[in-house]
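Enquirer: Letter by letter, the chains look like this.
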Amino acid sequence: DTGVSQDPRHKITKRGQNVTFRCDPISEHNRLYWYRQTLGQGPEFLTYFQNEAQLEKSRLLSDRFSAERPKGSFSTLEIQRTEQGDSAMYLCASSLGGLGVYEQYFGPGTRLTVT
Amino acid sequence: QQPVQSPQAVILREGEDAVINCSSSKALYSVHWYRQKHGEAPVFLMILLKGGEQKGHDKISASFNEKKQQSSLYLTASQLSYSGTYFCGTERISGTYKYIFGTGTRLKVLA
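Protein chains in written order, with the numbering used here: chain L, 19 to 133; chain U, 15 to 125.
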């Protein structure tokens, strides 16, 4: 399967714990995006990378959230001191980059439940 | 700031047509359309890059009126597989990059 993959698919954690999610984009894609989606809502933009550089970070992303893409390939999203409001589906997407505008390919998502 | 889609929900019979609108209060650089089925990730449908551009494949097409900052998605002779939630995604590059999805339109096609 050469699509976008995410791991884990489901995560249940207790409030206050740290969690880390991984995203593996399509190999030739140099842009990678993270979104958060709650039930009945559209995906909310969190951040995006062009290769290893994090070029934009939404104001929705509190200091408890951090994302990395160390070698311009896979990316991790870490949430520290989780809160119940963090419960959501976390989606990763990738696309080609450069001067053009390209479609995003989404992974299956990681569903986070904070108890 | 989030683009507003209309209608919020629509129910069709197989073979009927539908139009979904996406309207933004901010200038748009491009408009993307996605369909998301329940429990699945969004799937890309098409991108429109400039005002007046229209695209389509199969029986789904779209238009982008840059001046009005609106886009419309046209579903012709709908099929059961068209059921899902449709989102427009808009890309704005005004100082900083920003990608925002619209409010969504739930579409249900009945046999």
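Treat the hints with care, since some could be wrong.
[Stated by the list, open to error] Where chain U lies over chain L, by a calculated footprint (3+ residues, C-beta under 8 angstroms):
{"id": "1", "stretch": "35-47"}
{"id": "2", "stretch": "60-70"}
[Claimed, not checked] Calculated Cβ distances over 12 angstroms to all of chain U for the following chain L residues:
{"id": "3", "residue": "Q24"}
{"id": "4", "residue": "P26"}
{"id": "5", "residue": "K32"}
{"id": "6", "residue": "Y53"}
{"id": "7", "residue": "Q55"}
{"id": "8", "residue": "E74"}
{"id": "9", "residue": "S80"}
{"id": "10", "residue": "E86"}
{"id": "11", "residue": "K89"}
{"id": "12", "residue": "E96"}
{"id": "13", "residue": "Q98"}
{"id": "14", "residue": "R99"}
{"id": "15", "residue": "S105"}
{"id": "16", "residue": "V119"}
[Stated by the list, open to error] Label pairs and their computed distance ranges (CB to CB):
{"id": "17", "chain 1": "L", "residue 1": "G90", "chain 2": "U", "residue 2": "A91", "range": "42 to 52 angstroms"}
{"id": "18", "chain 1": "L", "residue 1": "Q98", "chain 2": "U", "residue 2": "G53", "range": "25 to 35 angstroms"}
{"id": "19", "chain 1": "L", "residue 1": "F92", "chain 2": "U", "residue 2": "Q15", "range": "26 to 36 angstroms"}
{"id": "20", "chain 1": "L", "residue 1": "L78", "chain 2": "U", "residue 2": "A23", "range": "40 to 50 angstroms"}
{"id": "21", "chain 1": "L", "residue 1": "R27", "chain 2": "U", "residue 2": "K81", "range": "26 to 36 angstroms"}
Source of the hints: derived by calculation from the structure; they are not laboratory data. Here the structure is a predicted model, which is why all the values come from computation and not from measurement. Backbone N, C-alpha and C define an ideal beta-carbon position, used for all residues, glycine too.
Enquirer: Against the structure shown, which of the earlier numbered hints fail to hold, in ascending order?
Expert: Hint check: 1, 3, 6, 7, 8, 16, 20, 21 fail, others pass.
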